[in-house]
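> Each chain, letter by letter, is given below.
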Amino acid sequence: MVEETGDGRPETKARGLWREAWSVFRRNRAALVGLALLAIIALVVVLGPMAYPVDPFDIVGAPKARPGAEAEAPLGTDYLGRDVLAGLIKGGRPTLLVGFCAALITALIGITIGALGGFYGRWVDGVLGRVTEFFQVLPALLFAMVLITLFAPSLLTVTLAIGIVAWTSMARLTRAEYLRIRELEYVRAARSIGASNARIIWRIILPNAMPPIMVSATLATGSAILFEAGLSFLGLSDPNIMSWGLMIGSNRNYLREAWWAVTFPGLAIFVTVLAISLVGDGLNDAFNPKLRTR
Amino acid sequence: MGFAAWLARRIAYAAGLLAAVAILNFSLMHLAPGDIVQTIVGEMGGASEETIAQLRKSYGLDRSFPEQLGIYLGRVATGDLGTSAYYNQPVLNLILDRVPATVLLVVAALGLAITLGTFLGVMAARFPASWLGAVVTIVALFGFSAPVFWSGLMLLLLFASVFELLPASGMYDVAQGATGIAYALDVAYHLVLPAGTLALIYLALYSRLSRASMLEVLGSDYVRTARAKGLSENKVVFKHALRNAILPVVTVAGLQLSAMLAGAVLVETVFTWPGMGQLAFESILRRDNQLILGILLLSAVLVIVGNLLTDAAYRFIDPRIKTGG
Numbered sequence: 344m345v346e347e348t349g350d351g352r353p354e355t356k357a358r359g360l361w362r363e364a365w366s367v368f369r370r371n372r373a374a375l376v377g378l379a380l381l382a383i384i385a386l387v388v389v390l391g392p393m394a395y396p397v398d399p400f401d402i403v404g405a406p407k408a409r410p411g412a413e414a415e416a417p418l419g420t421d422y423l424g425r426d427v428l429a430g431l432i433k434g435g436r437p438t439l440l441v442g443f444c445a446a447l448i449t450a451l452i453g454i455t456i457g458a459l460g461g462f463y464g465r466w467v468d469g470v471l472g473r474v475t476e477f478f479q480v481l482p483a484l485l486f487a488m489v490l491i492t493l494f495a496p497s498l499l500t501v502t503l504a505i506g507i508v509a510w511t512s513m514a515r516l517t518r519a520e521y522l523r524i525r526e527l528e529y530v531r532a533a534r535s536i537g538a539s540n541a542r543i544i545w546r547i548i549l550p551n552a553m554p555p556i557m558v559s560a561t562l563a564t565g566s567a568i569l570f571e572a573g574l575s576f577l578g579l580s581d582p583n584i585m586s587w588g589l590m591i592g593s594n595r596n597y598l599r600e601a602w603w604a605v606t607f608p609g610l611a612i613f614v615t616v617l618a619i620s621l622v623g624d625g626l627n628d629a630f631n632p633k634l635r636t637r
Numbered sequence: 006m007g008f009a010a011w012l013a014r015r016i017a018y019a020a021g022l023l024a025a026v027a028i029l030n031f032s033l034m035h036l037a038p039g040d041i042v043q044t045i046v047g048e049m050g051g052a053s054e055e056t057i058a059q060l061r062k063s064y065g066l067d068r069s070f071p072e073q074l075g076i077y078l079g080r081v082a083t084g085d086l087g088t089s090a091y092y093n094q095p096v097l098n099l100i101l102d103r104v105p106a107t108v109l110l111v112v113a114a115l116g117l118a119i120t121l122g123t124f125l126g127v128m129a130a131r132f133p134a135s136w137l138g139a140v141v142t143i144v145a146l147f148g149f150s151a152p153v154f155w156s157g158l159m160l161l162l163l164f165a166s167v168f169e170l171l172p173a174s175g176m177y178d179v180a181q182g183a184t185g186i187a188y189a190l191d192v193a194y195h196l197v198l199p200a201g202t203l204a205l206i207y208l209a210l211y212s213r214l215s216r217a218s219m220l221e222v223l224g225s226d227y228v229r230t231a232r233a234k235g236l237s238e239n240k241v242v243f244k245h246a247l248r249n250a251i252l253p254v255v256t257v258a259g260l261q262l263s264a265m266l267a268g269a270v271l272v273e274t275v276f277t278w279p280g281m282g283q284l285a286f287e288s289i290l291r292r293d294n295q296l297i298l299g300i301l302l303l304s305a306v307l308v309i310v311g312n313l314l315t316d317a318a319y320r321f322i323d324p325r326i327k328t329g330g
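Protein chains in written order, with my numbering: chain A, 344 to 637; chain B, 6 to 330.
Hints were generated in silico from the structure; no laboratory data involved.
Beta carbons are placed, not taken as given, at the ideal position from N, Cα and C, and that holds for glycine.
One or more hints might be untrue.
[Said to hold, decoys possible] Just a few of them, taken from the derived set where beta-carbon distance is under 7 Å, the chain A residues facing chain B:
1. 395
2. 488
3. 572
4. 595
5. 616
6. 617
7. 620
Starting from the given sequences, assemble the full structure and let the hints guide the process.
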């Protein structure tokens, strides 16, 4: 069912696929809940600090105050007396920013390496395959930790470190898609009318390989957020920027006395990643007609 | 290809991969600002030019980078991973002291996740209309979305602080000084929370995977044949389908080893479990370069060995695979 326009470009088919996918996605209640949650989280993270302008590093009251005990800190204070709610609102920014940017880097590296390997095959695929395998063998978290401490912890180094260690699964997926699609009729047709390799790789195969890549990129964002949270938890991010992971890390020794300072930021990470996973699952179902019967 | 030839090829390939890992890590350490001599001089509160030059010479830092790299690789090839600047002990001994704790943690978590996950997934596929499907979905969503260090802290709060059922940290009770079976039981008791936490992530993966894989296998021809023969549904599921449905679970288990080590670093930190992850974290904070290099290399060895075992297990479960490279 190739619905091609006069100039033989497959875009029409791709657009049809997107519309069909959206109509399936729209009926998936879990995915819509995920999307709504994401919208709320984005709103709070972007606009929240303006509506609730408390510095999360400021000491606003007695340390370890229960939620509701003090008017200044509705969700309680941490072990130093800092406002937990302010941390939640402000701490989402670095977490989400690093998560999205790292996932973007992951996608860029993974798609490029996977596309070139899958398209050219032979020795190119051989070399890139070895490179991918090499990065799979490296212990991701440890290697990222080493990179960050060697080159000073900052949002930039954290983002780059996650991007550098996390792209392998994206590359494998993209490669598999290219291997499959490059043999299809419309790619042969494009080649026979003299389309350049670059055009075939980026303009013809890529749009058709997009559905699984999008699903994988969505899920990669979730993992990148968890990765960032883990690094901040260990104290391997910028110590002057409040983040959800940092809140958990700095309060974990006071878990018994001030459980709220650990529980709430963790819940924030959990709900964010959960929302992303729900959207990712919804996309997966929307793009995979075979799975819809489940 | 016979098993021996396959194994020999894989080992040669692994050696090449490890050499590449060693070269990359060593170069990184070299690129980064600051070195051991600066640290030592800093601790001494300054030193004369002469002393610094002598120190640099004693650590081999006066040589060119290719020379240093060559010396390092030569040392590593003979099994000498250098000396930790902080502990002043051979790196290999320090790491080997910690490996058993990490392997115990990872294997316990993996075992728990695979057994329970496969069981949940297979049962959910066997009884598709039951509540088991919902359980698998919820477990999967939680496992994928909750940060492992946080779920560890939450379990700790619940089982160690509120109910006081399980120990909060460590691997054994120092005060008890137990030996033999009592010691093993004590370790197992301390293992419950860390292993359970680590297993949570993978429980999600395996339950989902085994359900999907089982559903697929149950739709295949030979299962229909088995049913047509009049076998009971239980026999069809557990005797005929399970063996094939479990293949993807095994593959993924191997591929997850590297991620599992990452999880272990976080879990060991939360529960002060005296494993390799904790040692790695401390050595990174202390910039104990030789120790870091050693840990990175040995983690790569663990991952490679894990992949090799996976492939071997794969060949064992599925006799059709004889060409695996």
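> All hints, please: hold or fail.
Do the hints match the structure? See the list:
1. For residue 395 of chain A, the interface hint is violated, since its Cβ never comes within 7 Å of a Cβ in chain B; the closest pair sits about 23 Å apart.
2. For residue 488 of chain A, the interface hint holds, the least distance from its beta-carbon to any beta-carbon of chain B being 5 Å, beneath 7 Å.
3. Because the beta carbon of residue 572 of chain A sits about 5 Å from the nearest beta carbon in chain B, less than 7 Å, this interface hint is met.
4. Using the Cβ-Cβ criterion of 7 Å, the hint placing residue 595 of chain A at the interface with chain B is satisfied: the shortest such distance is roughly 6 Å.
5. The beta carbon of residue 616 of chain A is positioned within 7 Å of a beta carbon in chain B (closest approach about 4 Å), and the interface hint is therefore held.
6. Interface hint status for residue 617 of chain A: upheld, as the beta-carbon distance to the closest one in chain B is roughly 4 Å, under 7 Å.
7. At its closest, the beta carbon of residue 620 of chain A sits 5 Å from a beta carbon of chain B; the interface hint therefore holds under the 7 Å criterion.
The structure is inconsistent with hint 1 alone, although it conforms to all the rest.
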